[in-house]
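S.K.: Spelled out, the chains give:
Number of protein chains: 2
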Amino acid sequence: MTKLLRMEAAMFQKTRVFFSLSAAVSVIATMGHQAFAQDVPIVRDAEYYILEAQNAERWAEEDQVIDETLAAFKEANEGKPPNVFYILIDDIGFGDLGSETLNSIRGYKTPSINQFADEGMRLARMYTEPSCTPTRVAFMTGRHPVRNSMGNTQVELAGFGLADAEVTLAEVLSDAGYNTAHIGKWHMGDVRQSWPNFQGFDFAAFPIHQQGQLTIYNDDAANEEVSIGIGDNNYDDLFTLDRWLRTDSARLVTGVEGVRNKDVREVHMEPGERWTEAKYHEMNVRYQEQAKEQLRELAAQDAPFFLQYWPLYPLTGPRTTTEEYTTPNGGTYVEKMKLVDGWIGDLLSEMETLGIADNTIVVIMGDNGHFTKYSPQSGYTPMVFRGGKGSTTEGGVRVDAFVRWPNLIEAGSVVGDMFHVSDLFTTLARVAGATSGVPRDRIIDGIDQTSLLLNGESHGRRDYVFLYNIHKLEAVVKEQFKLAIPGGNIENAILADFYDLYRDPQERYPVSTEIGAWGSAKFVNMIQRHFQRKEKYPDSPPGIGVPYEGIINLRPETVAVVEEFFFMRQTPAR
Amino acid sequence: MTKLLRMEAAMFQKTRVFFSLSAAVSVIATMGHQAFAQDVPIVRDAEYYILEAQNAERWAEEDQVIDETLAAFKEANEGKPPNVFYILIDDIGFGDLGSETLNSIRGYKTPSINQFADEGMRLARMYTEPSCTPTRVAFMTGRHPVRNSMGNTQVELAGFGLADAEVTLAEVLSDAGYNTAHIGKWHMGDVRQSWPNFQGFDFAAFPIHQQGQLTIYNDDAANEEVSIGIGDNNYDDLFTLDRWLRTDSARLVTGVEGVRNKDVREVHMEPGERWTEAKYHEMNVRYQEQAKEQLRELAAQDAPFFLQYWPLYPLTGPRTTTEEYTTPNGGTYVEKMKLVDGWIGDLLSEMETLGIADNTIVVIMGDNGHFTKYSPQSGYTPMVFRGGKGSTTEGGVRVDAFVRWPNLIEAGSVVGDMFHVSDLFTTLARVAGATSGVPRDRIIDGIDQTSLLLNGESHGRRDYVFLYNIHKLEAVVKEQFKLAIPGGNIENAILADFYDLYRDPQERYPVSTEIGAWGSAKFVNMIQRHFQRKEKYPDSPPGIGVPYEGIINLRPETVAVVEEFFFMRQTPAR
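The listed protein sequences correspond, in order, to chains Z and U.
With numbering that gives the first Met the number 0, letter number 566 in the first sequence gets 565, and the count goes up by one each step, no holes.
With numbering that gives the first Met the number 0, letter number 202 in the second sequence gets 201, and the count goes up by one each step, no holes.
A hint or two may mislead.
[To be verified] A few chain Z positions that, by computed beta-carbon distances, are all more than 12 Å from chain U:
| # | residue |
| --- | --- |
| 1 | N76 |
| 2 | A116 |
| 3 | G176 |
| 4 | D201 |
| 5 | E223 |
| 6 | N233 |
| 7 | D235 |
| 8 | R259 |
| 9 | H280 |
| 10 | A299 |
| 11 | D301 |
| 12 | G344 |
| 13 | D499 |
| 14 | Y501 |
| 15 | V558 |
| 16 | V560 |
[Claimed, not checked] Pairwise CB distance ranges, derived in the manner of DEER restraints:
| # | chain 1 | residue 1 | chain 2 | residue 2 | range |
| --- | --- | --- | --- | --- | --- |
| 17 | U | R295 | Z | P327 | 43 to 53 Å |
| 18 | U | Y508 | Z | P485 | 52 to 62 Å |
| 19 | U | Q300 | Z | L50 | 56 to 66 Å |
| 20 | U | Y508 | Z | F238 | 27 to 37 Å |
| 21 | U | G341 | Z | P405 | 27 to 37 Å |
| 22 | U | D241 | Z | E490 | 34 to 44 Å |
| 23 | Z | E224 | U | P40 | 47 to 57 Å |
| 24 | Z | T352 | U | R295 | 45 to 55 Å |
| 25 | U | I227 | Z | L50 | 53 to 63 Å |
Read the hints as simulated data drawn from the structure, not as lab findings.
Treat the numbers as computed from the prediction; the structure is a model and nothing was measured.
Backbone N, C-alpha and C define an ideal beta-carbon position, used for all residues, glycine too.
Given only the sequences and the hints, what does the whole structure look like? Please build it.
M.R.: See the structure below:
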């Protein structure tokens with residue numbers, strides 16, 4: 000890392016705000032990752048050691064049987080661990096998928112995913128982070144994103160992203176011999192080191208930013224007043240002095256594609272071309288097709304594969320005029336949810352055709368709670384819990400989640416054990432026989448939940464979760480209790496209310512009314528242990544760099560946006 | 000009816016408040032019910048005729064096939080229509096039952112009912128009335144309880160109940176040759192004509208009042224401060240002038256039993272005995288045993304049977320000290336829900352043993368939304384919808400409901416069509432070949448939904464429901480839209496908001512913001528039609544009489560309560 004970048008990183012970490020960044024800096028090359036000896040233990044947060052002290056013996060016994068089970072699978076599977084196929088659906092909280100009865104309440108159906116859920120295990124208590132980027136980072140790295148300063152990113156240029164120093168599941172599995180591919184949403188930064196093909200994926204096709212750019216920062220959305228104050232062609236600029244205020248998605252990079260550790264290329268956009276809702280639809284269709292292509296190509300290889308498909312739909316903007324209405328609900332969101340369900344059904348049946356259904360572990364889940372700001376125009380409505388995307392109430396962080404691994408995971412099972420999205424990192428590494436690739440030099444939050452998957456309910460290994468909103472610790476869950484810290488001011492945690500989530504899933508009736516009885520003190524102790532641990536293993540900066548550097552065919556208008564970005568950085572605002 | 004009772008009835012209808020009622024009045028004898036010629040049409044509310052005009056042809060075609068199906072069943076079943084077993088669970092709204100995933104959210108399981116739901120049809124859009132009495136009246140009579148002044152009753156003595164002039168499903172099925180029995184909660188009045196064995200049941204075992212008396216109006220509950228201001232032995236009466244203020248459940252009649260048209264007998268209470276939580280538990284166990292006994296006895300007869308079992312649990316008061324904790328939730332309500340689930344499982348497996356599973360149509364459902372006042376001490380929490388018992392938001396009137404009829408109703412099916420509890424009256428009469436017994440001289444709100452049960456989703460015949468709270472029309476549902484009338488002031492309905500229930504099941508974002516576009520006018524027209532229809536078929540009074548007359552073995556303390564009741568009636572308050 001250059002000295003300048005190192006300084007940037009230090010400043011970022013301190014203030015979470017960018018200052019100057021020279022356009023001249025160069026991005027460092029991808030570092031190789033070492034394998035860690037299996038006998039060096041993974042570094043954990045304090046709370047895990049408390050569980051381990053009480054359960055070590057039972058876990059060791061279970062682990063021995065699990066090792067035998069995994070070895071037997073491998074032997075029967077031509078010496079290979081299972082393929083991994085991870086489908087992460089955007090802004091799907093709890094209740095949208097997997098239940099025809101709940102479908103009915105809102106007037107639509109998701110038969111493909113419902114059937115998939117019946118064929119596998121329903122993880123009824125899956126926690127994510129409260130929005131897209133942090134959940135995806137937690138999955139890829141097995142770490143709460145606060146640890147690598149990836150609690151949030153944005154639509155506009157940012158000049159940062161997932162640091163190269165992070166070790167992703169793609170890297171872990173790749174090092175263990177897997178072929179890897181990523182299709183669809185990524186949303187972990189606009190700098191080269193943060194992109195999937197620089198983070199362990201052999202092939203990646205993805206948009207640089209998120210759907211805000213693609214769905215509502217365009218002319219169609221502005222014309223239909225889905226978005227206001229976006230774009231530069233839908234108002235009279237009589238008084239405009241600063242024409243950079245209004246984002247125009249056509250000037251930002253859209254979808255790119257590339258292979259491992261090589262620069263990427265923007266696809267399907269010509270210089271001067273406008274971005275439209277129709278192009279967004281094409282992009283979605285293309286990712287669906289590419290997911291299917293990858294499935295075929297990867298299945299044809301000798302090595303096991305790790306494929307992830309992160310659709311952009313159901314998130315959408317204005318309705319395309321050619322659309323058919325196929326649900327009683329009729330909302331744009333629900334209609335697209337139904338579309339995605341059909342697409343996923345198509346991929347699952349392709350797996351049957353390819354003969355890889357039985358030796359592939361498939362996870363389908365949402366990435367965070369509902370985007371409640373869309374209620375109720377689109378049918379985008381919270382179910383069961385309170386709050387939605389962006390909040391750390393259960394409505395923001397509880398999602399539908401289903402795992403299928405025929406013959407190993409019991410079909411039709413439901414588990415109420417706690418699970419965090421970061422656990423998938425550690426668990427899938429274990430299942431792939433790649434635990435030695437999990438870093439030993441930093442805290443790993445993800446817990447190995449293989450026992451839960453294979454042995455069923457009550458075999459989970461987690462009874463807590465820390466819920467951060469970007470960089471603020473807003474809530475702490477332990478068993479069925481949840482401390483909600485107003486404003487994330489942890490110095491006031493001793494005064495904070497806590498809730499019984501079984502009796503009060505909507506967090507409306509605090510049970511901590513009598514301070515001094517059994518109140519917040521145990522939670523305060525948890526928080527203290529958590530922050531003490533951070534003193535030894537401090538949070539690290541994000542990857543810093545030049546936005547879009549590493550894209551071969553930048554359009555002139557895009558180059559101009561980068562120049563504006565650096566111009567604004569250099570103004571004497573500080 | 001005597002002249003005095005007739006005057007009483009007229010006054011009741013006008014003011015909904017009782018005035019004087021002489022202790023000398025005698026109760027009229029049970030009237031016989033006429034059979035109605037099949038070609039005389041059932042009288043409907045206005046809205047139904049609008050649907051009929053548009054769908055008559057399709058419905059007639061369906062009905063012809065249904066008649067053939069029912070005839071074929073009868074022929075294969077020794078010439079008999081199916082038995083009917085109706086299980087109505089108290090204060091169960093939507094989400095508690097039938098889904099292991101939703102179970103998990105709250106930390107318990109209901110495996111028996113979940114399996115039952117899998118074996119039959121889930122009615123995902125079942126509406127009830129907003130509390131116990133009116134829902135039960137709507138089921139028994141096929142009429143909104145506002146029509147017979149049964150929108151509410153109470154724990155204390157009331158001197159009224161379901162009128163003898165009402166025709167119940169038990170009478171309809173009895174006239175068609177069914178043996179009939181009722182076990183458990185009834186809660187439709189304290190006067191003889193209102194009791195199940197005077198309303199068509201050959202045998203009935205039931206408490207006169209509801210669980211308020213049995214669970215919290217007792218010494219155990221008062222001592223544990225579950226209830227405050229109840230009972231007369233748990234405070235210092237230094238300043239007491241009116242010792243009748245505080246209800247003592249030991250002085251009210253508890254459980255009674257009797258046979259058709261004969262006076263009943265209080266069971267398991269001796270003069271001077273106190274009512275306790277342990278006795279409440281015994282009562283629950285007894286009803287469970289009696290339900291099983293009835294199942295055996297009825298199955299042994301030649302005639303088909305109509306059995307209803309309306310458990311008192313899960314509603315409960317203080318925890319009995321001997322109780323085991325069997326769920327992670329641990330709340331009194333949830334523990335009892337699990338107990339009832341096991342009991343119902345026992346009855347269902349008894350049906351298998353008796354060989355009557357295939358020729359019996361079984362309905363299991365809740366009677367109204369959750370009793371949210373109990374949240375969250377008991378784990379009694381609203382799911383998905385807003386509000387609970389006593390409110391006409393969906394949370395008050397949407398319930399879990401499952402129907403099983405092997406070979407005729409598709410196992411594992413889910414229907415999103417609208418259904419109202421009163422529809423069961425008309426539908427079960429049809430299935431039993433007893434439609435000719437449905438009255439033709441009054442409005443029947445219940446719609447024949449046999450086509451929905453046999454043909455599945457989209458074959459429902461209802462697209463509206465009027466939601467009364469006691470005597471006030473508070474909301475009107477049409478398709479997915481719902482008008483909520485503040486305070487039930489229908490003269491302001493044109494200004495009222497309406498909601499899209501698919502997109503906004505919690506009724507938080509009205510879509511009727513632009514009056515004049517398409518607003519409340521169509522709802523106002525519906526309301527006008529509904530009230531015009533009432534001019535021709537006005538609401539009728541309840542059955543009026545002397546409380547407890549018709550109980551053979553009244554205890555002295557109970558006689559004193561009746562005397563106090565009449566004394567208070569005679570005070571010159573008016």
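S.K.: Hints numbered earlier in the text: which of these fail when held up against the supplied structure?
M.R.: 2, 13, 14, 18, 22, 25
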